[in-house]
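Participant: Please put together the full structure from these sequences, using the hints given.
Note that the protein sequences, when read in sequence, are chains V and L.
Be aware that the first sequence starts at 1, since it is given in full-length UniProt numbering, and climbs by one per residue.
Be aware that the second sequence starts at 1, since it is given in full-length UniProt numbering, and climbs by one per residue.
In short, the hints are calculated from the structure, not lab data.
Keep in mind that a hint or two might mislead.
[What the hints assert, rightly or not] Stretch by stretch, here's where chain V covers chain L in the computed footprint (C-beta under 8 Å, at least three residues):
hint: 1; region: 127 to 136
hint: 2; region: 161 to 173
hint: 3; region: 262 to 272
[What the hints assert, rightly or not] So the derived label-pair ranges between C-beta atoms look like this:
hint: 4; chain 1: V; residue 1: 119; chain 2: L; residue 2: 98; range: 34 to 42 Å
hint: 5; chain 1: L; residue 1: 170; chain 2: V; residue 2: 344; range: 36 to 44 Å
hint: 6; chain 1: L; residue 1: 37; chain 2: V; residue 2: 126; range: 24 to 32 Å
hint: 7; chain 1: L; residue 1: 37; chain 2: V; residue 2: 79; range: 41 to 49 Å
hint: 8; chain 1: V; residue 1: 128; chain 2: L; residue 2: 170; range: 33 to 41 Å
All values derive from a computational prediction rather than experimental measurement.
For glycine and all other residues, C-beta sits at the position ideal for the given N, C-alpha and C.
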Amino acid sequence: MNPLGTTNPTTGKPASSADGHGSLLRLRGYSVHLHSPRGIVAAVDGVDVDLARGRTLAVVGESGSGKSVLCRSLLGLLPAAAVAHRGGTAHFDGIDLAVTGEAALRDIRGRRIGMVFQDPMTALNPVLPVWRQIALPLRRHLRLDRRAAKRAAVELLDSVGIPDPARRADQYPVQMSGGMRQRVMIAIALGCDPDLLIADEPTTALDVTVQAQILGLLDRLRAERDMAVILISHDLGVVADHSDDVMVMYAGRQAERGATRGVLAGPRMPYTRALLDAAPTLHGERGRRLAAIGGQPPDLTRLPDGCAFAARCPRVQDRCRTQAPPLAPVPGSAHDGACWNPVPVPGSADLPEGGAPIPQETQETSRA
Amino acid sequence: MKTDDKRGTPLPGAAPGAAPGADPDTPLLSVRGLRVRYRNAGRPFEAVAGLDLTVHAGETLGLVGESGCGKSTVARAVARIEDDVSGAIVFDGQDVTRARGRALKPYRRRVGMVFQDPIASLNPRRTVRDIIATPLTLAGKGDPAEVRARVGELAELVGLHPSMLERRPHEMSGGQCQRVSIARALACLPELLLCDEVVSALDVSIQAQVLNLLMDIRERQRLAMLFISHDLAVVRQLSDRVAVMYLGMLCEDAPVDELFGRPAHPYTRALLASVPGGAGPGAEPEPGSAGAGSGPAGVASADVAHRLLSGDLPSPLDPPSGCRFRTRCPLAQARCAAEVPQPVEVRPGHRVACHFPLVAA
Numbered sequence: 001m002n003p004l005g006t007t008n009p010t011t012g013k014p015a016s017s018a019d020g021h022g023s024l025l026r027l028r029g030y031s032v033h034l035h036s037p038r039g040i041v042a043a044v045d046g047v048d049v050d051l052a053r054g055r056t057l058a059v060v061g062e063s064g065s066g067k068s069v070l071c072r073s074l075l076g077l078l079p080a081a082a083v084a085h086r087g088g089t090a091h092f093d094g095i096d097l098a099v100t101g102e103a104a105l106r107d108i109r110g111r112r113i114g115m116v117f118q119d120p121m122t123a124l125n126p127v128l129p130v131w132r133q134i135a136l137p138l139r140r141h142l143r144l145d146r147r148a149a150k151r152a153a154v155e156l157l158d159s160v161g162i163p164d165p166a167r168r169a170d171q172y173p174v175q176m177s178g179g180m181r182q183r184v185m186i187a188i189a190l191g192c193d194p195d196l197l198i199a200d201e202p203t204t205a206l207d208v209t210v211q212a213q214i215l216g217l218l219d220r221l222r223a224e225r226d227m228a229v230i231l232i233s234h235d236l237g238v239v240a241d242h243s244d245d246v247m248v249m250y251a252g253r254q255a256e257r258g259a260t261r262g263v264l265a266g267p268r269m270p271y272t273r274a275l276l277d278a279a280p281t282l283h284g285e286r287g288r289r290l291a292a293i294g295g296q297p298p299d300l301t302r303l304p305d306g307c308a309f310a311a312r313c314p315r316v317q318d319r320c321r322t323q324a325p326p327l328a329p330v331p332g333s334a335h336d337g338a339c340w341n342p343v344p345v346p347g348s349a350d351l352p353e354g355g356a357p358i359p360q361e362t363q364e365t366s367r368a
Numbered sequence: 001m002k003t004d005d006k007r008g009t010p011l012p013g014a015a016p017g018a019a020p021g022a023d024p025d026t027p028l029l030s031v032r033g034l035r036v037r038y039r040n041a042g043r044p045f046e047a048v049a050g051l052d053l054t055v056h057a058g059e060t061l062g063l064v065g066e067s068g069c070g071k072s073t074v075a076r077a078v079a080r081i082e083d084d085v086s087g088a089i090v091f092d093g094q095d096v097t098r099a100r101g102r103a104l105k106p107y108r109r110r111v112g113m114v115f116q117d118p119i120a121s122l123n124p125r126r127t128v129r130d131i132i133a134t135p136l137t138l139a140g141k142g143d144p145a146e147v148r149a150r151v152g153e154l155a156e157l158v159g160l161h162p163s164m165l166e167r168r169p170h171e172m173s174g175g176q177c178q179r180v181s182i183a184r185a186l187a188c189l190p191e192l193l194l195c196d197e198v199v200s201a202l203d204v205s206i207q208a209q210v211l212n213l214l215m216d217i218r219e220r221q222r223l224a225m226l227f228i229s230h231d232l233a234v235v236r237q238l239s240d241r242v243a244v245m246y247l248g249m250l251c252e253d254a255p256v257d258e259l260f261g262r263p264a265h266p267y268t269r270a271l272l273a274s275v276p277g278g279a280g281p282g283a284e285p286e287p288g289s290a291g292a293g294s295g296p297a298g299v300a301s302a303d304v305a306h307r308l309l310s311g312d313l314p315s316p317l318d319p320p321s322g323c324r325f326r327t328r329c330p331l332a333q334a335r336c337a338a339e340v341p342q343p344v345e346v347r348p349g350h351r352v353a354c355h356f357p358l359v360a361a
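Facilitator: Take a look at the structure:
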């Protein structure tokens, strides 16, 4: 499958070690503060991540929750002038991303970390045939000559499921459908066989039938290449079907974190619970009022002292307004939450007792 | 032309709109054989290629389909903002397909429209108060005190704080702008509201607020809605009946529980199977729900049509012959290429345009 025959065969190694030492990506207290017209914004505030090869971490949150800033910052894609302050540590395969220079970062970006952006129309160059765009990182990082790069580009188009790849390679983005363009984006991101793929709302601009194809493709490629994937999404259905672990963000902070199945089946943070309740489903009761979350997300330039969700929270207590809750294991569940007054476990029987933060089923098979 | 019964009296928002044409069997809106043509590089093509729809007073018809299927064009044609339209658009017994100018004014008051992009659909240079007042002024409700009072009522109806009325769209969030759009659409007490992807640009929590608002208003004013969305769960939440479109044509049309419970068109089934989190992200450990998300539990049997679709929507410039879905249909046969399937009723109120509908024996 790997058109370039580089390293990284699909090994059957255990997908994760729970302690974080086997992590490909390890963040501790990672913060990104940005300049804005109205002052400094804590766009990402104290985030911890451990992500191992072969696993998918979903980052969930509404607009302004910091999920895209987090990923762009890791890749050094934020304009330097916009960043007021970075805090905490970020290690990628042992390399400290904060101290590594721009040159070294360029070698990581696009080569070891691939990125798929939300809007495949604006992220592609409209005046270059797609093969040249796929070839750019191959020539830059792998020093392929033009002919080899084109051959590799065609193979990559084939591997992401584009029919008639040799003909398509010479086409321009405008000649392709949205789903096809997103496949091209994925081909670009995969070109150098990255260890980590960051997908920022990769299917939000796509129709539901095409979304299913693209997410299936990502699952298959992750399994084949033993990649780690960060999947940014606002869609809890996507997260439920296509991730191992989930981090729910609110106002730049992590609200809840753990195995996807555990978090979605038994959310303990009122915000997660509210998100689940607010989304209409194909099976729940219908025609009745949805459990909307009142109010608006907070102004990030003027975050409250306490919990950022306190003003909208149905379970708010006095303490929530004065003291921000730290992320900590929630008693009675296998995941972490940042809440002083977590949602009680409904029927605690089917939830694993505390302890192992990663659930049993590690090596997930492709759901394509 | 028809005189408008509401002219001059700005009724309070809570007053139930008197249902016109008391006969419950006469639809409020009836669209027959609708065709809408666009031009692409000079070459005409049909974005809507012969569509029949009805919406009864107080009823919500959901219209779903993928981008490019023509669902927005249907709303624009009904709103009479498309030019090249044939077929018939009949509203409350009157054919408005070719009405122009003055003759169209009463219709414009009785049909409101809310668009997808909440910020782009508002004039950035006007205050919220002006924006909401515009349709009232156009409708001849000229008395400034009356307009002012009515704008206040509308703001309250859609949950906008009075202080917001002096703001401009860029000073507001997407959800607030969508409330303004809804208030503007409701200003003249329409009987039909056309909603084109009104919550697609909103976050989940705000989306729920706006959906609740629409449901409340619908109940209070006995408002009919044509609710267009690509999001099946949202459509299911709001609609009484649902119509599914593909490449400018109707696939299936049924009461909401029937459509989601017993979809008969292979395309409807494929759409439902594509929805992520099929087992429901709501995650109440529902007993009997089909386990890991391979497909919606509402489509229980394991037949071939549950496979995910491959490929993309064909170009409407050059649609496939016969059934337009046949190029992606897992069940297509020779007849599907030769003959356009006509909608037939497979169960009461449930129409399917398919030569081989999936009707359980």
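Participant: Hint by hint, where does the structure go against what was stated? Just the numbers, ascending.
Facilitator: 1, 2
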